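Visitor: Put together the whole structure using the sequences plus the hints.
Sequence order for the protein chains is A and B.
Position 181 of the first sequence, counting from 1, maps to 181 under the working numbering, and the rest follow consecutively.
Add 1000 to a position in the second sequence, counting from 1, and you land on the number used in the working numbering.
Please note: incorrect hints may appear among the correct ones.
What the hints assert, rightly or not - Only some residues are given here: those of chain B computed to face chain A with a beta carbon under 7 Å:
| hint | residue |
| --- | --- |
| 1 | I1017 |
| 2 | Y1120 |
| 3 | G1122 |
| 4 | G1127 |
| 5 | I1128 |
| 6 | G1143 |
| 7 | L1164 |
| 8 | E1165 |
| 9 | P1169 |
| 10 | S1216 |
| 11 | E1218 |
| 12 | P1220 |
| 13 | R1223 |
| 14 | V1238 |
Worth flagging that the hints you see were computed from the coordinates, not collected in a lab.
As the structure is a computational prediction, the values presented were derived from the model and not from experiment.
Virtual Cβ for every residue (Gly too), placed ideally from N, Cα, C.
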Amino acid sequence: MSIIVYTESWEEKFRKSTFEAVSYASEVAKMLSTNVIAISFGEESSEELAKLGNYGAEKVLACNQIEKGDSEATSNFLAENSIDANIIVFATTNTSKMIASRLSAKIKAGIVSNVIELPSEVSPVTLKRKSFSSKAIEQVKVNSDKAIICLASNSYGVIENHKNCSIEKKTINSSENIRFKGQEIANGKLSLAEAEIIVSAGRGLKGPENWKMIEDLAETLGAATACSKPVSDIGWRSHDEHVGQTGKAVAPNLYFAIGISGAIQHLAGVNSSKVMVVINTDPEAPFFKSADYGIVGDAFEIVPKLIEEIKKIR
Amino acid sequence: MNILVCISSVPDTTTKINFSDNGSKFDSSGVQFVINPYDEFGLTKAIMLKEKHGGKVTTITVGELNIEPVIRKALAIGADEAVRVNMSPKDSYSTAVEISNYISENTFDLIICGKESSDYNGGVVGGIIAELTNRPFVNACNGLSITQNTANLYREIDGGKENLEIDLPIIIGGQKGLVEESELRIPNMRGIMQARTKPLLVIEPKMNDILTESISFEKPSERGDCKIISNENVSELVSLLQNEAKVI
Ligand SMILES: Cc1cc2nc3c(=O)[nH]c(=O)nc-3n(C[C@H](O)[C@H](O)[C@H](O)COP(=O)(O)OP(=O)(O)OC[C@H]3O[C@@H](n4cnc5c(N)ncnc54)[C@H](O)[C@@H]3O)c2cc1C
Ligand SMILES: Nc1ncnc2c1ncn2[C@@H]1O[C@H](COP(=O)(O)O)[C@@H](O)[C@H]1O
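Guide: Structural data, given as structure tokens:
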């Protein structure tokens, strides 16, 4: 009756969302007086695999690297190894959801994504998730014996809980359907999903040439950069920076909105941020109603001062 | 090439979300429904592929009679025919089972879902259909081209994108990048007229299991008032972020 966790890595290191999922799973395991088994499909070193034990995994089934993008082989292996498990935990990343959704149909387990809290009950599994583009929190009950939980990033946290963790190597074959041709890495950029701080800017910046100060502010803070939808639509910034209801949903500890008006579609993707700061020339900009701190002023004056002030404390 | 586009009908993005019956139901009164934004990219892509390779574009939606205006809009944009499964969607699994039943009785080379629906944000219907109909699945797909019987795809991952090649038939979960925002088709007068007479087939659901159930909804807790800091005093903001909010 162990709890199974799917793990995901990037460039041979586990993602933060994986450590969150393992932390979460080990708390659910406590509720059920059982243990956590993590399953990996990457090329992580034994040292990296052992890190899963720091967050509560007692065993890792470490499969050989399979063709990237292959959700069939991974979900097959997970199905075979979760026969005795009633709860399987994933992160809510694209890759996790691709595999989790397949698995859910394979083992007929109700699947709940964007989960933000521990289950309030474990039988039947009942928990809360973000819904309606974070405009609502929905309570969901799982009717099937097995449940798949996909945990939203930055909602539970990484919690240390050391366990002696054994590693068992497994061999699996890729399915023949998918041929991996390569990957393009968004170079030098911090991932929006994992960033603790995001510096985001909108049409108020007037043109792409003015983003240098945004990048400088982000660099000073160790933050990722984001933008509003029109900014990526007109090509000032790349699409992967677009946040909001139709872009990425993010939930950092700190979100800076600079020259962004605060349209409902923008807020829908960012209002799970713990603290929001607005810088806008227009005191009537709707964003001020949703933020925690605000400065009414010109970004071109405020941002350079802000960088200077932050450098003083860093 | 036969393409099926799964279209979910969702509240317009400007909707203020409210709940009725003590927070147990989404209150749809006065709400304008639209094609799920992610599905709009898929629909336009399907029409462009048909223009290039020939074939037919069919849409399928699980929903009751009141969503037909959304289906007609998809027909006006350029789908050839539409299917409606006459059932109010209850959960991802039962919705996917109904769509899979229809797929199994027909032949499609390409099935396009959206990355997620902007109401319940499950992001799982496409994967469930893929498993039930035994096809390869690529989600968060932001690039697709087809040569003969092979699809070349891009998939967004955290940190970059993957390039994959798969033989048809396949299922994708699409998003922006399949086509650009500026390429999105909108209905013109001729399309709207034609849509009135295009086939809209209504099929009855085959009852199936519901695996997850929505019990109640609440609004996220409100933020306190926004603290306004004078633009002469940027250092105060930094000090508040450091000492009060403790986020830097
Ligand atoms: C279906 C649909 C989906 C959408 N999805 C999204 C989404 O996912 N994400 C998203 O962001 N938007 C989305 N939108 C668009 C959204 O409605 C807004 O149009 C958009 O968010 C506005 O972007 P903005 O705030 O950058 O620009 P604007 O609304 O033009 O605001 C610019 C702001 O900058 C301020 N400003 C100007 N000069 C300065 C200066 N020197 N210093 C400081 N401030 C200044 C102005 O006062 C203004 O408030 C969507 C719209 C639709 C219809
Ligand atoms: N009721 C529905 N009818 C048809 N397609 C749907 C329905 N619900 C979801 N889908 C499809 O599945 C995708 C993902 O939805 P979801 O898993 O609900 O986030 C959507 O973008 C649609 O393509």
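Visitor: All the hints need checking, so say for each whether the structure fits it.
Guide: Hint-by-hint comparison with the structure:
The beta carbon of B/I1017 is positioned within 7 Å of a beta carbon in chain A (closest approach about 4 Å), and the interface hint is therefore held. Against a cut-off of 7 Å between C-beta atoms, the interface hint on B/Y1120 holds, since the closest Cβ of chain A lies about 6 Å away. Evaluation of the B/G1122 hint against chain A yields a held restraint, the C-beta minimum of about 6 Å falling below 7 Å. Given hint, B/G1127 at the interface with chain A, holds; its Cβ is 3 Å from that chain's nearest Cβ, closer than 7 Å.
Satisfaction of the interface hint for B/I1128 is found here, the shortest Cβ-Cβ separation to chain A being roughly 4 Å, below the 7 Å cut-off. Hint status for B/G1143 relative to chain A: violated, with the closest Cβ pair at about 10 Å, above 7 Å. Hint status for B/L1164 relative to chain A: holds, with the closest Cβ pair at about 5 Å, below 7 Å. The beta carbon of B/E1165 comes within 4 Å of a beta carbon in chain A, closer than 7 Å, and the hint placing it at the interface holds.
The restraint placing B/P1169 at the interface with chain A is violated, with a minimum CB-CB distance near 10 Å, outside the 7 Å limit. Interface restraint check: B/S1216 against chain A, minimum CB-CB distance 5 Å, threshold 7 Å, status holds. Hint on B/E1218 holds. Least Cβ distance to chain A is approximately 5 Å, under the 7 Å limit. This hint holds: B/P1220 has a C-beta 6 Å from the nearest C-beta of chain A, less than the 7 Å allowed.
The beta carbon of B/R1223 comes within 6 Å of a beta carbon in chain A, closer than 7 Å, and the hint placing it at the interface holds. Taking 7 Å as the C-beta cut-off, the interface hint given for B/V1238 holds, the closest approach to chain A being about 4 Å.
The structure fails hints 6, 9 (numbered hints given earlier, in ascending order).
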